[in-house]
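Residue numbers (the numbering used here), protein chains in the order written: chain A, 1 to 345; chain B, 1001 to 1370; chain C, 2001 to 2236; chain D, 3001 to 3456.
Just so you know, these hints were derived from the structure itself, not from any lab. Just so you know, not all the hints are guaranteed correct.
[To be verified] Derived pair list, reagent style DSSO-like, types lysine-lysine, alpha-carbon separation capped at 30 Å: (1) A:Lys3 to D:Lys3339; (2) C:Lys2062 to D:Lys3339; (3) C:Lys2034 to A:Lys191; (4) D:Lys3339 to C:Lys2061; (5) A:Lys191 to D:Lys3339.
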Amino acid sequence: MIKLLENLDRRWIFLAMALCVSVPILVIGLTGVTFPETPTPLAEAFFAEVDRAGEAKGRRANVLIALDYDPASAGELSPMSASLVNQCSQRGHRMYFISLWPVGPQMIDDSIEKVIKRYYPHLVYGEDYVNLGFKAGNEQVIKVMGIDLTTEFRTDVEGTTLSKIPMMEGITSLEDFDLIAEISAGYPGSKEWVLYAATQYDIPLVSGMTGVQAPQNYPYYPTQLKGLLGAIKGAAEYEFIVNEYIRRSRLEELLVASGLDPAVAGPLADEPAQIPAWTTSAAAASMTPEAKADLIDAATGATPGEFLEGQRRMGPQLFAHLLMVLLIILGNVIFFAQRRRGGSA
Amino acid sequence: MSSSASEPMTSAQRAIWAIVCLAIVLIVVARSFVGHGMGRVYVEPKPMDFVAEVTTSPENASETSSSWKQLSTVEFDAYVSANGYEDTISWVEYDEVPPRAYFAQEAAGGGSIILSWPRTIGLWLAAFFTLAIFSFLYRDNPFYKFAESVVVGVSAGYWMVVGFWDTIVPNLLQRLAPAFSKDYLTPGMELPPGGFDTTNLVFLIPLVLGFMLIGRLLPKCGWLSLWPLAFIVGTMAGLRMVGYIESDILSQTKETVIPLYVQGENTSSTFMMIWSTIWASLAQVLLVIGVLACLVYFFFSVEHKGAVGKTARVGIWYLMITFGAAFGFTVMGRIALLAARVEFLFDDWMWLIDPMQQREFVTASVGLLF
Amino acid sequence: MQILTRSIPLFITTVAGIVMILSAFFPYTSDWGKFAGQFFNILAAFAFVLGGGNLLKLHLKKISDQRPGWAYSGVVLVCFIVTLFVGLMKIGAYPNPTYPSVHFGGETQGSGSMFWWFYEYAFKPLTSTMFAMLAFYVASAAFRAFRAKNFEAILLLGTAFIVLLGRTFAGVLATGWIPPDSAFSGLRLENLSVYVMQVFNTAGTRAIMIGIALGIASTSMKILLGIDRSFLGSGD
Amino acid sequence: MRTSTIQTTLLATALCASAGVQVVLGSSTTSWLAPPESPTNLVANDLPWDGGGTVQIDWTASATPEDQLKGYEILAHELSVTPREETIETDEQADQAAAEQTESVLEGEGIAPEDARRQAELSTGSFAPAPADPSEWTSLGIVPATQTDYQATGLDKAGVYVFKIRAIGLEGEFSAPTAASGEIRPVAAFFNGRKLPLLVTLMLIASAVFAFIVLARRGMPMRIRKIAGLAAVDEAVGRATEMGRSILYINGIQDMDDLQTVAGVTVLGHVAKTAAEYDAKIEVPTARSLVMTAARESVQSSYFSAGRPDAYNPDLIYYVTDEQFGFVAYVSGMMTREKPAACFYMGSFFAESLILAETGNSVGAIQIAGTANPSQLPFFVAACDYTLIGEEFFAASAYLSGQPDQLGSLKGQDVGKILVGIVIIIGVTLATLQAITGSDSLEAAVNYLVNVILGS
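Please work from the sequences and hints to get the whole structure.
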């Protein structure tokens, strides 16, 4: 066995890597089934912070969403922004999009197209979400926004003056936001938002970032950064939480709509798997067949591809990483076996 | 370890071949059950029609400036039927659209979206190149050699073109021949007041040096290229010397001037406070020790013996940990690159998977969210 | 000849270098560095002609000598010349809507132009696939090189191991049981890898950077003093 | 006291700012609060020792408590030169300040000739008056109420400016602005004094290197430690000769503007010389045509000095393509076909490092790498037989040449390292004592060290 491994043709390793990456992509792509994520505290904190935004003031939360990245890092980050917008839309937050990166507006449009226009068509531009576009000046923009937002942003991306945009009423500075959610791929990004927004004014800040950046930003959690998503792993975890949340709240809506007592609907919605069985039970006797169909679909239907990107990408990642670990172990097994036999290493 | 074309096939190679072929067969089989067609690119034509528009300035009727006005197709046809194709410019731009849109159009019966042959061929070519490069992992082969030659040729040409349009034109021609550049190359540029900015004459230096550089191509003139070379190395040596001392030596030293004692944040209990203080202070101590130890490692004057040797050894430990960590963190990104290429093959080319719903118009899931 | 090929170049090097160093300290000359940068870019662009000429010479020679694989040289030449031509001529590039009458006004790489086609369907897939090959080499390197030969090697592979594991849920499971706010939370893999990054990685990188800066400083000195001049062909 | 800086270069931003102010004014009419007290003692000074275009502004905080202020707005106005008779007298304070200003400028900085002319013009004070209405002034931005100083940057070196400050209440209502500051011209200093520490450091290191080079020439023995990678160079070349295979030398993928490439060319010279002596074939594909030019010169002279000019073949040193991965594709293909016995990677490398090293390893070549790109060192360390880490790589040429003056330069580098070490130890000691005792004098000392000596 060892003998065989010692002169192992490295093309076997290549083959293994190829399979570790392509098979998961293929399987996940065909079946749409992804790995269960076990969310880390960082991702859960991120979700919770977005969820609780504005509760204190007992009104719709104003969430400032800063997408500071470019297509190059979209692979890692766009799943984050998609799920973020998804959660905010479902939760009924008001979304204010800005970007400190020149190509950021493109990313903003993507998430608006991909999520809001497609899955939340009832949301109205100017009332539920607004795109303030790109502003040059890096951290200076943040500094000035902290005092007077209108100094930097006078119109939205289409050139409409802010005073004409309903949801801008009462928004004069960063302090008027209940949460800053920021997705960044470098400078200016998380660090600048932490230093000039979160630290200066007492506004909760959550941030998603590329793997390269994450190490430098960990120290800010949980004091200045209330939540942190690192690389595709963080994206996948957050995605997972959000999708669960969406499914649950949809079910609850439907159940309540079908005249069920919220007190009952809540616990029921926690168990999507039980729904099909439940619809046949006596409790659901009053429901119309269509309502039941919707309910079952909502409970068991697949999540759209947009909201599984991160978890899909995790498939190959996971296997590849395990392969690497395995290879390192294997290499050392061989090494020590040789040493015992006094063979040259 | 590797094999050249001459070697006979080993059993290992046969086995690898078998597995690869099997995999390909499986994919093709899967392919035949999924989707409709593969590797097609659809585009939507967008006619661009312009007519010359002569405007006379209000002050003085003799002053006329002509500009181009874009017309809608209808307006343009009307204009043409009236004045013919005199001073008009038209072309058609093609915007890529997801196949979904084309299928929808077909279902609805007819529309402007068409199959783009150039892009479709391109897509298949791209897929071929991707596979050709990967084939190198197995062994060197004609496909790889072909791909290799293509990438060398294309990229050499590519960078030459970019060098001309992005460097020579804006940095040299626009400065030394503004009028010419505006008329023929970069109409969008602003002419300097008086048509020419004399301070730009300094750019004659790189012009002359540049031609001296090319002199190398002529026999007997090789030495000419040494002057620009000397100029480049000299200026850059000076610049880098100052730059590195300022940005690396000073700033890195500055970063390292830190207190070895810091209060911990966690104040939930006295124990935790003391504990986190120790933890945080330890980090600072280790950091400073590390920097100094590594500096000792780089020390050239003294042999790594005795105390110096021990310290240097600690330095090596730090370096090794640094390298290990960097390696681990880099792996993630590299895997993502490979995943992206594989997704290109399976999604864009084979239409085998459709994670982003580029081709199905309605997904089963939409029921979940509206 | 000696003067033209040796003395003058050395003189140029020294003078140019010293001027650059001094200019950094006087506000009125502080932007000379920028000029030098632009000059270099222009020279580098001229150098492409040199490179292209060399490329042609090399491959034409291969073809005329009928060396093994000369057909591939043919491929190189064809690809090179075609790309160059369609790029410089902006074949098929859409004109700039504001100035439709100026042919060269259009975007060089605007989608739809032939140059764009070459970029999109040859340049991009080829280079990014080459880049993607790294995933395979990383694996084979890990298998071959990460062996616990000595303490240093153990540190290297140990760290890589921790970081890699920390990125899979296997790692999270391994240390997930440690309560996040306990005294030993620092041992949780995610915290551990952060600690490694902050302390050891920072220290190592910092020392390396300082060392490099010193190396560069003395190399520049040697160049300006004319001690190190092998790039001018007057090596020791 | 923190000092913030806000770019005022963009006129657009300025316009936004003033317009933004209008919006706020509109909303402020609804406020019931009385306008806050205005700040006092506004003093503006041209920042000395700078490249011009920066003005330092200080003021005393408004009587209104910080928590009732949104911040201070800095207003600027660029005065336009006009014939004397049109000028209307500005208030004494401004005149006085202007006079002081002229003084301070003339003393503070070694004024360049053109500035002297400007100063003359400045002292005549022949300017159109600044508009009374603050909204006609340009807002440079708003700073938090905690702040009582500000640096206006990006001003026109030739322009003349006056400044005002006004406080903004929580509801966006403005205090009365302060009286206009003196007329400031943000001139450039002749010598940038803030770079003095940098100059000193540069001098120290340069003179250390220089001194040892001179000493070495005087015949002072230079003893330096061995570096494994360099001892292996001859071995590698010898091996290639025995096996009758070629030597592959990659000089990084950067151009001659990167000193790593220059160092690589120097090392190439030595390797080529050894190769010439052993009569081994050395092949050098380059990713930049300038590097090709330099490499040819270097190798040719090596063959000459090895006494085998006839063996030099320029066609073995050739340009491939500037494209990183195009180059890699070619080189790795070439490696598998020609199977070089020894591979040298000396220069600036990026992602391709591992591709090259792994391919080289697969053809069983002995590999020696040297680079100063920290991000790539792990891969070379993992996949090559010997790796020159960072500074070692720059030391390589000196080692290989074995010339005393070259070795001297290494001693110079060591002096640099000692300097850095001493500064760090002193600084850390001070900082630690300060953290424990919390003494202000120590804090001042640390700040001086960090911000003045090291923070240029």
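* **Violated hints - listed by number, lowest first** => 5
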